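Peer 1: Note that the protein sequences, when read in sequence, are chains Y, W, S, X, A and H. Here the working numbering is used: position 109 in the first sequence is 110, and no number is missing along the way. Here the working numbering is used: position 282 in the second sequence is 283, and no number is missing along the way. Here the working numbering is used: position 218 in the third sequence is 219, and no number is missing along the way. Here the working numbering is used: position 53 in the fourth sequence is 54, and no number is missing along the way. Here the working numbering is used: position 134 in the fifth sequence is 135, and no number is missing along the way. Here the working numbering is used: position 23 in the sixth sequence is 24, and no number is missing along the way.
Rather than coming from a laboratory, the hints here were simulated on the basis of the structure. Being a predicted model, the structure only gives us computed values, none of them experimental. Heads up, the beta-carbon is just placed ideally off N, CA and C, and yes, glycines get one too. Treat each hint with caution, since some may be false.
Listed next, the in silico BS3-like pairs over lysine-lysine satisfying Cα-Cα at most 30 angstroms (straight line) [stated by the list, open to error]:
| hint | chain 1 | residue 1 | chain 2 | residue 2 |
| --- | --- | --- | --- | --- |
| 1 | Y | K121 | Y | K166 |
| 2 | A | K178 | Y | K15 |
| 3 | A | K193 | Y | K71 |
Going by beta-carbon spacing under 7 angstroms, a handful of chain X positions derived as facing chain S [claimed, not checked]:
| hint | residue |
| --- | --- |
| 4 | K71 |
| 5 | S192 |
| 6 | D269 |
| 7 | H270 |
Restraint-style ranges between C-beta atoms, simulated for each label pair [unchecked claim]:
| hint | chain 1 | residue 1 | chain 2 | residue 2 | range |
| --- | --- | --- | --- | --- | --- |
| 8 | A | D21 | X | A208 | 50 to 60 angstroms |
| 9 | Y | E149 | W | K291 | 35 to 45 angstroms |
| 10 | W | P79 | S | E186 | 54 to 64 angstroms |
| 11 | H | D102 | Y | N253 | 53 to 63 angstroms |
| 12 | X | E58 | Y | D64 | 53 to 63 angstroms |
| 13 | Y | K185 | W | K71 | 26 to 36 angstroms |
6 protein chains.
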Amino acid sequence: MKFDEQYSGNVFIKSHPNYDESQAVIYGMPMDWTVSYRPGSRFGPARIREVSIGLEEYSPYLDRDLDEVKYFDAGDIPLPFGNPYKSIDLIEEYIDSLLKDGKFPLGMGGEHLVSWPVMKAVAKKYDDLAIIHFDAHTDLRTDYEGEELSHSTPIRKIAEHIGPKNVYSFGIRSGMKEEFDWAKENGMHISKFEVLEPLKEILPTLAGRNVYVTIDIDVLDPAHAPGTGTVDAGGITSRELLASIHAIAGSNVNVVGADLVEVAPVYDHSEQTANTASKMLREMLLGFVK
Amino acid sequence: MKFDEQYSGNVFIKSHPNYDESQAVIYGMPMDWTVSYRPGSRFGPARIREVSIGLEEYSPYLDRDLDEVKYFDAGDIPLPFGNPYKSIDLIEEYIDSLLKDGKFPLGMGGEHLVSWPVMKAVAKKYDDLAIIHFDAHTDLRTDYEGEELSHSTPIRKIAEHIGPKNVYSFGIRSGMKEEFDWAKENGMHISKFEVLEPLKEILPTLAGRNVYVTIDIDVLDPAHAPGTGTVDAGGITSRELLASIHAIAGSNVNVVGADLVEVAPVYDHSEQTANTASKMLREMLLGFVK
Amino acid sequence: MKFDEQYSGNVFIKSHPNYDESQAVIYGMPMDWTVSYRPGSRFGPARIREVSIGLEEYSPYLDRDLDEVKYFDAGDIPLPFGNPYKSIDLIEEYIDSLLKDGKFPLGMGGEHLVSWPVMKAVAKKYDDLAIIHFDAHTDLRTDYEGEELSHSTPIRKIAEHIGPKNVYSFGIRSGMKEEFDWAKENGMHISKFEVLEPLKEILPTLAGRNVYVTIDIDVLDPAHAPGTGTVDAGGITSRELLASIHAIAGSNVNVVGADLVEVAPVYDHSEQTANTASKMLREMLLGFVK
Amino acid sequence: MKFDEQYSGNVFIKSHPNYDESQAVIYGMPMDWTVSYRPGSRFGPARIREVSIGLEEYSPYLDRDLDEVKYFDAGDIPLPFGNPYKSIDLIEEYIDSLLKDGKFPLGMGGEHLVSWPVMKAVAKKYDDLAIIHFDAHTDLRTDYEGEELSHSTPIRKIAEHIGPKNVYSFGIRSGMKEEFDWAKENGMHISKFEVLEPLKEILPTLAGRNVYVTIDIDVLDPAHAPGTGTVDAGGITSRELLASIHAIAGSNVNVVGADLVEVAPVYDHSEQTANTASKMLREMLLGFVK
Amino acid sequence: MKFDEQYSGNVFIKSHPNYDESQAVIYGMPMDWTVSYRPGSRFGPARIREVSIGLEEYSPYLDRDLDEVKYFDAGDIPLPFGNPYKSIDLIEEYIDSLLKDGKFPLGMGGEHLVSWPVMKAVAKKYDDLAIIHFDAHTDLRTDYEGEELSHSTPIRKIAEHIGPKNVYSFGIRSGMKEEFDWAKENGMHISKFEVLEPLKEILPTLAGRNVYVTIDIDVLDPAHAPGTGTVDAGGITSRELLASIHAIAGSNVNVVGADLVEVAPVYDHSEQTANTASKMLREMLLGFVK
Amino acid sequence: MKFDEQYSGNVFIKSHPNYDESQAVIYGMPMDWTVSYRPGSRFGPARIREVSIGLEEYSPYLDRDLDEVKYFDAGDIPLPFGNPYKSIDLIEEYIDSLLKDGKFPLGMGGEHLVSWPVMKAVAKKYDDLAIIHFDAHTDLRTDYEGEELSHSTPIRKIAEHIGPKNVYSFGIRSGMKEEFDWAKENGMHISKFEVLEPLKEILPTLAGRNVYVTIDIDVLDPAHAPGTGTVDAGGITSRELLASIHAIAGSNVNVVGADLVEVAPVYDHSEQTANTASKMLREMLLGFVK
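Chain Y on its own, in the form it takes in the complex (with noise of 0.2 angstroms):
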């Protein structure tokens, strides 16, 4: 028997115990406090972890083991309730600094709101960075009933910050026809409705580009995922979602980091929201991270 460290069972299976050693660091940020409808995203992290014991941890879809990558499990960052504004600024911070250190960030929300200051962060050490961005929802408001800082604005900001063209959506079926048409004007991508056979139409046009990826769990149809904030009829499947995954796992990008979130634990019952999502994970980090 071994009492010689302390327990610390709930971590996204199979991480490695040491930060130097690992190639990807997962974490996770507990935020919601700026969504407009149902909160509960911030014990999306937590409940991925927990129900991470029920994967398996071979994929039969890459033909790869969890064994062959070495990831550490950071924990949660330490937010402020009710206060985005230093939430976004510490985010950004400890971006900056897995990203000096060349560690594969892969992040677990919270709200939307949080991809931000970390495609903010990659966006500084990779050039010619594009997102793809899968979401029911557009996320392109300039603010949202006067909050800059809202889970309805991320995708706007790196929309201007990086350039609208570098930016494709997938799965879009929820925004106000300003947001649609900004991304019009601007040249930014927009699939409405569906996802796997654009994005496989689009991924040659991005090859050898870095990559970041952010996965609004929402992209699933509520029969798929129905903990999350917003549930919006007329989603993917979550077959077609892993198919997506395999997609950018198997083209020319170069992924330099993703993110998954808006799981909320709290509407699920049946927990195959944080289950599923912790399926996408592994796939993401047994595709992504070489």
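Following the hints, complete the assembly by docking chains W, S, X, A and H onto the known chain Y.
Peer 2: Frame of chain Y; chains W, S, X, A and H shown alone:
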């Protein structure tokens, strides 16, 4: 600050404050007392209204905004608990009034029996009426264990009233052999299991006709609508139901009224069913009310 | 049939349609963005209204009927998601207006921080104000991890504003040692664990004074209020809370406003918490508004 | 292995296979179509039977074992959905048969209206009948929005039938002023809020009389019975209800029948309400059937 | 009124009262003690029976009615809690008896390990047996953390017993690399991810052979079967599983027994999983029992 | 930022990072495979840790802070699914190690059978051991349907091991007649139904003795602990259990170890049971570890 009016928070999102100026009227029929299996659809209309605040007002499917349609939320029709006879009469009277005022009736159930008096009233006003019916169940019984007014009989009643050949059912995957036989013998259309493909074939044959659309939410697979009285495997996705509404909206039929019934919130912890229903109603408003 | 007015179903039962003629105003403060544990109280006011239709209008405890009090349901104060500073200011302004019009304010939370601007506004109007506070928690922190506006600070704020000796807390079973010490050193009353007995002793000493009553629903044991952010064992029963409200109603204090906060419906499948809150509000209306 | 009989798993635990040899008969009345608030008690009897397998067969309260009483589980009375008139008649007929055969009737609801025809049948057979009634609600309305057969009227009906002075209600905490007044004016006993203490005072006055006991599970506080149609704060504990059953069992009254109604499983995820009901029924069998 | 028999309500709908006259026997195997993740499938059989009352008796897929098949519901096999060795033996003995009497065995799990003794018994009686296996998981481990009797081993056991080349698995999306490798090396068929298309290719090659069909409900996507021990994204729809059953029913194989396992009701508030399972069982009865 | 250690978020709040420096060790025993009714307590320890972040670190009951006790969270003992014999042996060995190192063992269940090997190990080290046992059930069976290792037998086992007169059970409200008789005949103390009053009488008689405290959470009424395997009406409140822990803490007995078992999170949507358990464990740490 304005305190000069009664609070009216729980109305369907963006509904118009004035009845006279409105083209359409949305109303609830909170009745569930004849159901043979799981009750609870009486709370469907209230919950659909409540979650409608999570809806975007713009439809990227139809490129139309709720601002472009004027509809009044008239609340729920007060119905006497446990008395289907009086309830049926009250609904018919109510719809008569709406139609006299030239309004487009958009109803929310409640059990499916509520559609019978609505369709009867609509048939009085509109000649040459056809019914487009989405459902898992035939609803063609003459009675249920001796009770003629039952959630299993509304389509039989309207079929006998306007002629079976004017009724078109889609997605049917449950019923007694006698019901399927009756439909066949009497020239009523039933698409077993399938919805969108046969609908697209039928719509041109209905060009120019007055059509009432009745949607039992259980036409969806239980994965997409767990919150309903009878969950029956093998249904369609919410994407296919959206596409079906859009197919009708884009056809040459003249939709003169519609309803969506059988949302029973208590069986759906994630509230995806009520959210999905509210989105379907938005698309019906934007697609059917010209 | 009458279609001349917007539907107004989801108001607190029997609320009066006219603001000017009403003695009291009931309103929601749907804010939960500073909570450190489980969010969701933003939906408390809407759900309390919804279930209030299940209430009898007569109180056999007070032998009084809701017909005997005129109160207006003003809906929810629109608050900016994720911005506690603006929210606090908006609430204070709102209450200032109500008080200027001579209304009795009866608020529904939302997290407990919302009570701070209400009490501040009430203290501007009423001299010699005392606070009666029911809660599991002291809420006496100066800040929570650096944030001064937190669900853990409202009682500290009002205590410093009107003087700690004017604040009476009952049922407290959770807090930091520093909070209990601060209360003791500054002459603030805290009844640890107990509610009804110490309340009955205190009330005569407050005779003739203006009193504001603030109830955090978690003063109840989790058995009686599972639907709240922080469930903390060892609380009182709903019978004891009812008796406490009745003790205040039957005393010689002059209640000038009240609130009930921290109902978070998503954690309570049976909806007993919202139902219990609606009954408490009925008793507060009948007992406090003369 | 024995395959010679149809499986009969879902019967109340330890029920006797032979009707003729049984002293008591346990039966369900799965009706909920007149309830004004939350339906679902139609599934009460089935769920109570299902969870009864978790019961110990021995009562340490009464020092008696289920082996010492012979009772037959007759299943649910088949009732026509949505037709209270026929349902009421069928129940009365059914009880007439049981009583003719000399059985002790022990009923499971369903809504409280089902007790009316049972009590009527019992009053035909037993002279000088008294009713002991545990409930949160008076149930003394003459009608509910015009409907005479309603879950709000059964106690009024039996009170008028056998004389109000023969009806003893305990634990009542909800009703219209008119109902309380009617009871007072007509000499009917109502113990407001309290149960065990007044019951102990009343029981000696009923010595030697025939008594029917009807328990609405909502006499319990929602903490103890969340799975019921109307959850109303301020009720008693399950310990007090157990003690009340034991007080009757230990008194000199002659219990000639009993029921327990209003268990609605869907509102109680933990199934504590059905489990509690099954324990109460065990104590009723062991305490009332001599 | 008929009181001459014990109530037998909770049997699978329309099951026949006489064992001897029945062609098929439906029985439960309420065991879940070796599962490594979420237990609860012991309650699967009882809940499937309970919800089967919501089924129509006629299948529009097969144009056949439950009246046309005689099946006896034998209840659950009593199994010793926590003892897999004895449980396995008891099941095998039980099936031996059924087969000796010439019955078609239709089992309900319980965890998947229960299928092992059933298949073993079937293999004793029927020469040249093939297994058709629907599952998310390979279930091909030799042991689970040292325990040979585990829910992860049943397919390995039967494959070794009758020869791996006689086992056909469909829909597999989870397992260890070693399991997939073992299958490949030993000539066992595994269709990864896909079900209906490869099944249609395989069926003609099995023409005339005796086939046992075992369905782990988790072959369905979690959207379609949230109520199971291991929810694993990327599964098939209930439509595809229905079509697969119909493909077997319409083929030239001779189905000699079947089961459906791993329904765990507590994880599925809407009860869609149990409802879906009951429909699958109806189709298996109508399609497999000639 | 510090990335030099593996994340260790899901430990019991404020647990100490170093085993050697700790006075007490908290550990989980995630076993539930012998339960006869509802499984799920294997997830109790993980959920209790998870919700412990909502605890205050200071106890106003004991005026002591978690900073004043050093305890190490050793995680869950890895136990072989479905094998009670090996599990029991592993637990005993584990506790032997802890005791050899002079640690105070504080265990979290899991089913109650896990307490048997713990108590056996404790009895090896400490002379003159007495057991204080809080439970709804006697747990005095010799076997359960032939299985000697069952959740119904642990108290019988320890009673036979250290002598029945050294075992004191409180709050018992369920069991077989034989169990109560055995206790009486053998001089074992059982307080039926009551807890705090008899405990206060017994404690002085145990002054100076070594005592192990085992708490089955179902000693609480289902209202206070719905999340457990067997919910049995008529239990005590969480206030009384807190007071009982404090009574032991304030007495002259020498507590040498303790556990709290049978928390099964899936049956408790509000998570009040896990939250209550975490508070009880805090009080046990602060009250028992000197």
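Peer 1: Would you mind marking each hint as holding or not holding in the structure?
Peer 2: Hints, verified against the model:
Between the alpha carbons of K121 (chain Y) and K166 (chain Y) the distance comes to roughly 16 angstroms, so the proposed pair stays at or under 30 angstroms and holds. Of the pairs offered as hints, the one joining K178 (chain A) and K15 (chain Y) holds, with about 16 angstroms between alpha carbons and a cut-off of 30 angstroms not exceeded. The straight-line distance between the Cα atoms of K193 (chain A) and K71 (chain Y) is roughly 27 angstroms, inside the 30 angstroms bound, and the hint therefore holds. Here the hint on K71 (chain X) is broken, as its CB sits about 36 angstroms from the closest CB of chain S, past 7 angstroms.
Given the 7 angstroms rule on beta carbons, the hint for S192 (chain X) is violated: about 11 angstroms separates it from the nearest Cβ of chain S. A hinted interface residue such as D269 (chain X) counts as satisfied when its beta carbon comes closer than 7 angstroms to some beta carbon of chain S; here the least separation is about 6 angstroms, so the hint holds. Interface hint at H270 (chain X): satisfied, since its Cβ lies 5 angstroms from the closest Cβ of chain S, which is below the 7 angstroms cut-off. Distance hint check for D21 (chain A) and A208 (chain X): the Cβ-Cβ separation is about 55 angstroms, which falls inside the suggested range of 50 to 60 angstroms.
For the pair E149 (chain Y) and K291 (chain W), the beta carbons lie near 38 angstroms from each other, so the given range of 35 to 45 angstroms is met. At about 59 angstroms, the CB distance of P79 (chain W) to E186 (chain S) agrees with the hint of 54 to 64 angstroms. Distance hint check for D102 (chain H) and N253 (chain Y): the Cβ-Cβ separation is about 56 angstroms, which falls inside the suggested range of 53 to 63 angstroms. Against the hinted window of 53 to 63 angstroms, the Cβ-Cβ separation of E58 (chain X) and D64 (chain Y) comes to about 56 angstroms, which satisfies the hint.
A beta carbon spacing of about 28 angstroms between K185 (chain Y) and K71 (chain W) agrees with the range 26 to 36 angstroms that was offered as a hint.
Hints 4 and 5 from the earlier list are contradicted by this structure; the remaining hints agree with it.
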